[in-house]
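Chemist: Go ahead and model the full structure; you've got the sequences and the hints to work with.
For the protein sequence lines, the chains are S and X, in the order given. Using the numbering used here, read the first sequence as starting at 5 and increasing by one per residue. Using the numbering used here, read the second sequence as starting at -19 and increasing by one per residue.
Please keep in mind that the hints were generated in silico from the structure rather than gathered at the bench. All of these numbers come straight from a predicted model, not from anything done at the bench. Using N, Cα and C, we set each Cβ at its ideal position, and we do this for glycine too. The reader is advised that the hints may include incorrect statements.
As the list claims (entries may be wrong) - Some chain S residues near chain X, calculated using beta-carbon distances under 8 Å: (1) D9; (2) V24; (3) M68; (4) P114; (5) L135; (6) A212; (7) F216.
Said to hold, decoys possible - Computed footprint of chain X on chain S, listed as stretches where at least three residues anywhere in the stretch have a Cβ under 8 Å from a Cβ of chain X: (8) 41 to 53; (9) 226 to 235; (10) 247 to 257.
To be verified - Label-pair restraints from in silico Cβ distances: (11) X:R120 <-> S:Y53: 23 to 29 Å; (12) S:L176 <-> X:A180: 43 to 49 Å; (13) X:L(-7) <-> S:L8: 57 to 63 Å; (14) X:G17 <-> S:L101: 50 to 56 Å; (15) X:L(-7) <-> S:R132: 16 to 22 Å; (16) S:A12 <-> X:G224: 53 to 59 Å; (17) S:Y53 <-> X:P110: 34 to 40 Å; (18) S:R132 <-> X:A221: 17 to 23 Å; (19) S:A109 <-> X:P110: 29 to 35 Å; (20) X:L176 <-> S:G177: 34 to 40 Å; (21) S:R234 <-> X:P110: 23 to 29 Å; (22) S:T262 <-> X:L(-7): 28 to 34 Å; (23) S:A251 <-> X:R120: 31 to 37 Å; (24) S:G250 <-> X:R167: 37 to 43 Å.
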Amino acid sequence: MRALDIAARLLVRGLVLAAVLFLMLPLLVACILSFDARSFLGPFPPPAYSLRWYRAFLDNPAYMDGFWISLQLAVVAAALATAIGTAAALALADPRLRGARALEALFLSPKFVPTVVVGFSLLVFTARLGLFDPFTRLVMGHTIITLPFTLRAVLASLVGLRRSHLEAAMSLGATEARALWDVAVPAARSGIVAGAAMAFVLSFDEVAVSLFLSDAFTQTLPIALVAEMRANLNLTVAAVSTVFLGATLLLLLVLDRTLGIERLAGDVAARG
Amino acid sequence: MALRLWLLVPALLALIILMGGPVLVLGLESFRPFIPGSVRTGEGFTLFHYLELLQPAYLFYIWETFRFGLIVATLAVLGAAPLAYAAVRSPRAWVRKGLLAMLVGMLVMSLIARLYAIEMTWGSNGPLAPLGALTGIAPRSPRYAEVQVAIGLLHFCLPVVALMLVGTFRALSPRLEEAASSLGATRTDAIVSVVLPLAAPGLVSGFLVALAMCISNFIAPLLLGRGVVVFTTSLMYTRFADIGNYPSGAAIGVVMLVLSFLVVYGLTALAQRVFPK
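Modeler: In structure tokens:
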């Protein structure tokens, strides 16, 4: 029995280690390859190192234009989704609201609409309305796909908020708006920040919705990257991936300092 | 109270304008006849685009999509459960924090970059190609694209399922395991007979969310499928991009939407009957 117990524990440790390696190793390999000095895609590991792929990335106007469009799009969509999601979460957190569970399920449902369907249906819909501006269309698509994430994160952070705190504020003379702003919004801060970060990242990385809604002159960075990967597999994308990895680590560090990873995991974990 | 209702208005409007309206128009579009060579769709009503999907070739694509989903979702739960358990219950604080940071980091990290990294690592030139060959499919053969798509989807789902399960395990009191061991159970016994049954609803919803994520994924077959792996999502995209057949694309979209909601809501409701809370 004891031997079995030890074997089982070793097995679980092995599985944890395997899962960690499975998730981390590819990122490490891409990171090392991005410094490859060879002009072609050769076997791993590279014999010499250089920054040529980073230069290739910076010198490519398609990437730079795409980067700016993606940045603007992600900022606008994340801001909209955060504002709309936070407002709805504040309303849904009220235990007196009847049908709150059904409304919550309704607001979270876009998460399970395949992104190709979101993109395609918005394309047909906006064409019917005569709306052809690509940036507006992209903002529409990116807002609806990120909304469930901001809403869910804010709702998760409001779990600890007690109705009595709001009532205390109101009994001291605060209006309901004032009470929400001064009591509920600060309590939801971690969820708002986590949700906004998730929305920004999701929008910045979105492909399916953007493929349908962008035009030849409004290409996002992910679309430029996908086009490059499909046309010829070279290491410029490895350089971009490494930049993404650096940005992710930086974001994690900032989020850990401001919210703490444990809290953050709680807010984003409560999905599904 | 009135103010709180007003706070719901922007979300309701967003949902109606950005989701309800478009899906309705998509549904209507799917019944229109297709005029080859024209972007405009014909007038009238037809079920042709749905009947077309019942042909064996199309049913095969739907089955293919689900086959990947079922395999990957199973692997995701198997890998995510120990990971999440360690992230919640490991006696070492740095292990817990490190694992959580890694999982959140994966959620934040660009999926395009992750899929590219998988191509570089598991692809025929990559250092892990010999490991991929253990599936019995040679890395140089075209069918190896299947292995890569599965790996890509697993990389996508695993952190999400693991974080869901972190929520599940956090909700279970550690006292339960302590009680089991004070009654003479080994740690393995306690996990198998106390923790796993209590976590079953979480494991099931993790599986279903992973399945839904896989069958509606577009980018993994696009980037790693090399045209060998075709999902229903890819089929819909080619309808739009290559032949401009909007009504047929719309019908595929409606079918995908229904399947995705059936997986998430239908099967979840079923699971709740089997594992009542």
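Chemist: It remains to establish, for every hint, whether it holds in the given structure.
Modeler: Now the hints, each set against the structure:
1. D9: Constraint on S:D9 satisfied, holds at 4 Å.
2. V24: holds, 7 Å
3. M68: It is violated, given that the least Cβ distance between S:M68 and chain X is near 17 Å, above 8 Å.
4. P114: holds, 5 Å
5. L135: violated, 11 Å
6. A212: It holds, given that the least Cβ distance between S:A212 and chain X is near 4 Å, below 8 Å.
7. F216: At about 7 Å, which falls below the 8 Å cut-off, the nearest Cβ of chain X leaves the hint on S:F216 intact, so it holds.
8. 41 to 53: holds (count 5)
9. 226 to 235: holds (count 5)
10. 247 to 257: Coverage by chain X holds for the segment 247 to 257 of chain S (6 residues, Cβ < 8 Å).
11. X:R120 <-> S:Y53: 23 to 29 Å: The hinted range 23 to 29 Å holds for X:R120 and S:Y53, with Cβ atoms some 28 Å apart.
12. S:L176 <-> X:A180: 43 to 49 Å: Roughly 46 Å apart at Cβ, these two residues keep to the hinted range, so it holds.
13. X:L(-7) <-> S:L8: 57 to 63 Å: 59 Å Cβ-Cβ, so the 57 to 63 Å window holds.
14. X:G17 <-> S:L101: 50 to 56 Å: holds, 53 Å
15. X:L(-7) <-> S:R132: 16 to 22 Å: 18 Å Cβ-Cβ, so the 16 to 22 Å window holds.
16. S:A12 <-> X:G224: 53 to 59 Å: For X:G224 against S:A12, whose Cβ atoms are near 57 Å apart, the range 53 to 59 Å holds.
17. S:Y53 <-> X:P110: 34 to 40 Å: Hint violated: Cβ distance 25 Å, outside 34 to 40 Å.
18. S:R132 <-> X:A221: 17 to 23 Å: Since the Cβ atoms of S:R132 and X:A221 sit about 20 Å apart, the hinted range of 17 to 23 Å holds.
19. S:A109 <-> X:P110: 29 to 35 Å: violated, 46 Å
20. X:L176 <-> S:G177: 34 to 40 Å: violated, 52 Å
21. S:R234 <-> X:P110: 23 to 29 Å: This hint holds: roughly 26 Å between Cβ atoms.
22. S:T262 <-> X:L(-7): 28 to 34 Å: Because 31 Å falls inside the window, the suggested range holds.
23. S:A251 <-> X:R120: 31 to 37 Å: holds, 35 Å
24. S:G250 <-> X:R167: 37 to 43 Å: holds, 39 Å
Violated hints, in rising order: 3, 5, 17, 19, 20; the structure is consistent with all others.
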